[in-house]
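Line order of the protein sequences matches chains A and B.
Mapping to our numbering: the first sequence position 4 is 4, numbers consecutive.
Mapping to our numbering: the second sequence position 229 is 312, numbers consecutive.
Calculated directly from the structure, the hints in this document are not laboratory data.
It is possible that some hints are incorrect.
As the list claims (entries may be wrong) - Covered by chain A, according to a simulated footprint, are these stretches of chain B (three or more residues, beta-carbon under 8 Å):
1) 139 to 147
2) 205 to 215
3) 347 to 353
Please read these numbers as outputs of a predicted model, since none were measured by experiment.
Think of the CB as a built atom: it goes at the ideal place given N, C-alpha and C, for glycine as much as any other residue.
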Amino acid sequence: MATNSTKKKPVGKMLVMGLISLALYALLLAKQDVVNSTFAKGGWYAFLPIITAFVFSFVHGSFTGDFWTVLGVEAARKKKEVK
Amino acid sequence: MHDIATSFINLDAITILYLFGVGFVGGLVSGFIGSGGAFVLTPGMMSLGVPGLMAVASNMCHKFPKALVGSMKRFKYGQVDVKLGVVLGVSAEAGVLYGAGIQEKIKAAYGDAGSNLYVSVAFVVILATVGGFVLYDAWKTYKSGNANTEEKAGKLAKWVQSINIPGTMVYFKAINARVSVLFTIPLGFATGMMAATIAVGGFVGVPAMIYVLGAPSLMASATELVIAFVMGLGGSLKYAMHGMVDIRLAMIILAGSLFGIQLGAMGTTYVKPFMIKVVMGVIMVIVLFSRGLMVPVYLSQLGLIDKLGDTTVKVLKSSSFAIMIFALLLGAFIVLRAMWQGRKAERLQHAAGALEHGEV
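So that you can see chain B by itself, here it is in the shape it has in the complex:
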């Protein structure tokens, strides 16, 4: 039906293992922070020869079943606000459609390089502002010694919660307050637009829930999985209607990511809430450098700067991809380490409790 449908890559054992592995690490991170992995998976698939749109579509088709499993797991821990997730998810869906439309227009007007430049610039701007702020906030919490105390809504969130617009107010469990949907709709829309643009809506959705709505980090990252499910399902259907999903790739990635997401979700029960911000902020800031490296490549392809040499392009591309993989691995390492320490502390506490009990 579409020429893209003829571009299915051959799968060998190495490719399968690679997709499984990246899926696992991506799943681990998204189980913990609510999103992630896509920024490596999409270019990762493209590096295997999968056309860009098919990579985005196949990534989306693994995302929604993964998010479903992850959100169900975290729901058991009392971390999910389904209502907030659905409300934001529906508006995110609109954002995805709008974002995809912009992408198509840019691609039609400026070709692949134009589209890639737009994606990279969006990455750099969003990650620099939001990622920098998230990391700064996590650092502030760590330094203040308040890492163990309950998170409080910030000034902006308090203001948002104080605005009463009759007929639009909805109570959300995650926030424990009524908020106007006139605030949630643009946030969901922005999340969707980011998902369609940089493939990781959560980089906007989670910080928005924390800083604009006042949700605790654990609730925000868990609720993001509901948004990812709603958004991913709609997005996958849209892409599948154009025959762009390579179900083999999606399911192989899913195979690894379902192992990861279960682990990442469990990890959240062991850590202090600010760790969500640490992992998210660290990944965002590192990915920022990765995408930043690609900006000159696309500028040169568009003829906006002097043409770069083939070797330079190759070095920049490989470095960019390596940095992205490093970001994901570092995120996974922090999650596993935090989980390991949490488990150790729990065991010690349990042993001390048993000893005390025995003495009485």
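This is chain A alone, in the form it adopts within the complex:
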């Protein structure tokens, strides 16, 4: 199934990032009333949704990347640069 059998799969990293991601989402939804009222205040509070988006993209992006790698879905190996 895996296209690259020589590389070790990042199972541990995927699990850690997956758990952090899950915790972030749980927190966001559990505290949605506070989040809604604070994040939508406008002005300088505008940085809150932006920072949140960066944090989620880092954590969840790392998790989803490893998720596909662990499943054996990876980019084609020969085409490093396509013109």
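On the provided structure of chain A, position chain B as indicated by the hints.
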């Protein structure tokens, strides 16, 4: 602070799953063609009761982190021209601000129906011309049997590359040529305006990079993600300053779209470059019909044609939305199919290579 800030919808499990699912499919398509998904996400959120501007703002706030992850992934494959992306992205930002200003003026003068009509007409005109051309070009490439050969810059791109305006020339890796920023600025601006108007700047940005600047399809679609990041970040900040972002919606969509964008980005390494044009052209042309169906509804709301019956409006609205979802799903299907076939071919090639090696 704003009345819009009080219009947060209640999230139940179905809504979360719906946003996650649409996010995934949208992410898959944008990982592949550089944009997409927003045309379903924005009306999709509105159908859940999210006010229009909040839907646009929340969509934008999921777009820039998604584009960041996607562009980083495709950068690894050597497909991203960061300089071109930033140069176009900055001018796109100006286009977004200008486009949003026009939207606000239209809304103030003609109300929601006027604003919706403007968006739909822009959709139909842009998608008919650009989408039709992209699809025709992909078809031509397919028929000519040159799908495997390296893409060459067209006549217009060659002309653009031949113009030398001292003091404005910049070298771009994607094009492997120097081009005057006097050409890139209007292209970026138009991309931004489209992003502010129809939410999918890439429908202008990607074809512009391919046909006007002469960038290969894979480079153009990957670089579009950089533009989307720059543009989305600025746009989100602007909307957030007015308290219009529903971060819950944005992050739930992001949850699905980050799974999708990774897959779509990987998909580009398996396919022939003209497939980018196929997916983009097919989606654009189908969405064109979807938006076209809504034009009579808005015309009737504005009193420019006879009033349509409630049932007719309902049928037109549902059909329009269903066609849009179909466009996105078809795009995702083509991406997954192409990726599956590419993986299969690679495995076969690998097996044949191993066999040959074993025989020697």
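Outcome of the hint check:
Counting residues of the segment 139 to 147 of chain B whose C-beta sits closer than 8 Å to any C-beta of chain A gives 3, which meets the bar of three, so the coverage hint holds. As drawn, the segment 205 to 215 of chain B meets chain A at 0 residues by the rule of a beta-carbon pair under 8 Å; below three, the given contact is violated. Proximity of the segment 347 to 353 of chain B to chain A, defined as three or more residues with a beta carbon under 8 Å from a beta carbon of that chain, is established by the 5 residues found.
When the structure is compared with the earlier hints, a violation turns up for hint 2 alone.
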